[in-house]
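A.B. asks: Each protein sequence line maps, in turn, to chains A and B.
Using the numbering used here, read the first sequence as starting at 1 and increasing by one per residue.
Using the numbering used here, read the second sequence as starting at 180 and increasing by one per residue.
Hints listed in this document are in silico derivations from the structure and should not be mistaken for laboratory results.
For glycine and all other residues, C-beta sits at the position ideal for the given N, C-alpha and C.
A portion of the hints provided could be inaccurate.
[Said to hold, decoys possible] Residues from chain B that keep clear of chain A, each with C-beta distances beyond 10 angstroms, as calculated:
#1 412
#2 436
#3 514
[Stated by the list, open to error] Calculated lysine-lysine pairs in the DSSO-like style (CA-CA distance at most 27 angstroms, straight line):
#4 A:163 / A:144
#5 B:331 / A:134
#6 A:109 / A:144
#7 B:485 / A:167
#8 A:129 / B:331
#9 A:167 / A:157
#10 B:485 / B:430
#11 A:109 / A:163
#12 A:133 / B:331
#13 B:331 / B:368
[Stated by the list, open to error] On the chain A side, residues computed to face chain B include the following (Cβ under 8 angstroms):
#14 3
#15 7
#16 21
#17 50
#18 94
Okay, here's what each chain looks like letter by letter:
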Amino acid sequence: MICENCKQRPAKVTVTQVHNGEHFERHYCEVCANSLHPFYVEYKQDPLSLHQLLSNWFNQADQIVQQKQQKTLECDECGWSIERFLEEGKFGCASCYESFRPHLPQALKRLHNGNTTHIGKAPGRLGEKIALKKRIEAIRAQMKQAVEQEQFEDAAKLRDEVKDLEKQLAGGGDDSHVD
Amino acid sequence: MSIENFLDNSRSSWMEGEGEHSDIVMSTRIRLARNLNGFRFPLAFTEDEAHKIDQSVSSTLLDADEELQKNFTSVHIKDVSELGRQVLVEKHLISPKLANSPNTGSVLLSEDESVSVMVNEEDHIRIQCLFPGLQIQQAYERADTIDRLLEKELPYAFDEQFGYLTSCPTNTGTGLRASVMMHLPALTKTKQMNRIVTIISRLGMVVRGIYGEGSEALGNVYQVSNQTTLGKTEEDILADLQSIAEQIIQKEREARDALLQHSPNTLEDRLYRSLGTLSYARLMTTEEAARCLSDVRLGIDIGLIKDIDMSILNECMIFMQPGFLQKYAGTTLNATERDMFRAKLLRERLQKGEKDNTKGEEPA
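Between the sequences and the hints, there should be enough to build the whole structure, so can you do that?
C.D. replies: Put into structure tokens, the structure is as follows:
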């Protein structure tokens, strides 16, 4: 078949046009097809946006897809679904973090150089509480080591220390406004 | 203090050309993103929620103590004219996003303009501190003080695993963005910026040209900031930025020395030509003004141009922007009129600057 336009080169491209509900087929060579019907690719304004990246990362794990089939994951507080979060690239409210918690580390990891856990400052009393918890963990580790080395006296001292700190943690009193 | 004071004055404390390495680092900015428990984020909230957030943040800050009360002015975006908003953006006192939230946004500005607490931007609270020169630690401490003051009264959205909860997952954790604005003409002229941008991005930092879109940084001014906010302590983030900034400063100084050594006459000629253009041109686009001001700034820094004060240059960088220009003119201007008015202001300012500097007078 010869190109309908230049009537010289062989037709290699078929262009289907729809006009008033009727389909027309045109046969062009590559050169004419290119000049008559340049191939349009519509880029969105922001070709590489955060939400696209997020969606890609989530889909890699396929978990969301499965979840979708059962029931859409939604935030109880603001009603945003996980799809909406992926679409916007933003959370609707602080409770979204809780609602989508199992899925967040894999996305956060990629945004933050492999990190998934905050280790910086914490507000007021909660900060103190977290510091206390960390201290207890550290002392427990020391205690374990002491037991392994059969230094039971040291271990006992450390155990008492842990007890005191745990009491402080429990009796930390009024932390209602930070939780 | 009324909003007009902030709008009329083209100077801010961060432009005073003080602080360490102020020949290369123009300013340091710290931003903390915070949200309150019990309210949806600005993307999803109602105007009623916005109003309550605004009330509690403003009153916490203003009632905290008399010192602060005197110091801070609360400004609702809806009360500011469109031009006024643009001016606030150009002075870096508010973000473009806040300027575009007329119904819900407000800002608390400190008198010296070094602190602005934006309310209902992307997050409920954005504490921003802007200091001249390289003062990462100092700026952070100021922001931290405000943060502690607010957290005493307000229930922050915080999670033990994820830290401060923010609307965008790129801010989750510390909610801290620390950035330095650097003037790097010699690295740009010697074509080393691309390489530096690549290296820095591998270290979890971002380099962007400011005052301009696209790859070419307008006026050779770049902004270096941390990208990671999760899994690093505030101290580490600040220390990393400090160390990278110092290395870039070092490289820029080396490049300046090299330029001076290899082609002192060409350099001097080029810088003085730019001063000539600024002093006599009748039409000046933003791009040309930025390029010429960058040259003159470099000339002052390396001691080739002696009789112009640096703070005047910083001021010129601000008022040559479209919003400020129209504020000065007191009317809206089309592009050509802006170029004319810009040229006129720069001419007057630079000639005045030369005179003023010798007398050591404060400019009016």
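A.B. asks: Would you mind marking each hint as holding or not holding in the structure?
C.D. replies: Each hint tested on the structure:
{"no.": "1", "hint": "412", "in the structure": "violated (4 angstroms)"}
{"no.": "2", "hint": "436", "in the structure": "holds (35 angstroms)"}
{"no.": "3", "hint": "514", "in the structure": "holds (24 angstroms)"}
{"no.": "4", "hint": "A:163 / A:144", "in the structure": "holds (15 angstroms)"}
{"no.": "5", "hint": "B:331 / A:134", "in the structure": "holds (23 angstroms)"}
{"no.": "6", "hint": "A:109 / A:144", "in the structure": "violated (32 angstroms)"}
{"no.": "7", "hint": "B:485 / A:167", "in the structure": "violated (68 angstroms)"}
{"no.": "8", "hint": "A:129 / B:331", "in the structure": "holds (15 angstroms)"}
{"no.": "9", "hint": "A:167 / A:157", "in the structure": "holds (16 angstroms)"}
{"no.": "10", "hint": "B:485 / B:430", "in the structure": "holds (24 angstroms)"}
{"no.": "11", "hint": "A:109 / A:163", "in the structure": "violated (35 angstroms)"}
{"no.": "12", "hint": "A:133 / B:331", "in the structure": "holds (21 angstroms)"}
{"no.": "13", "hint": "B:331 / B:368", "in the structure": "violated (49 angstroms)"}
{"no.": "14", "hint": "3", "in the structure": "violated (41 angstroms)"}
{"no.": "15", "hint": "7", "in the structure": "violated (45 angstroms)"}
{"no.": "16", "hint": "21", "in the structure": "violated (42 angstroms)"}
{"no.": "17", "hint": "50", "in the structure": "holds (7 angstroms)"}
{"no.": "18", "hint": "94", "in the structure": "holds (4 angstroms)"}
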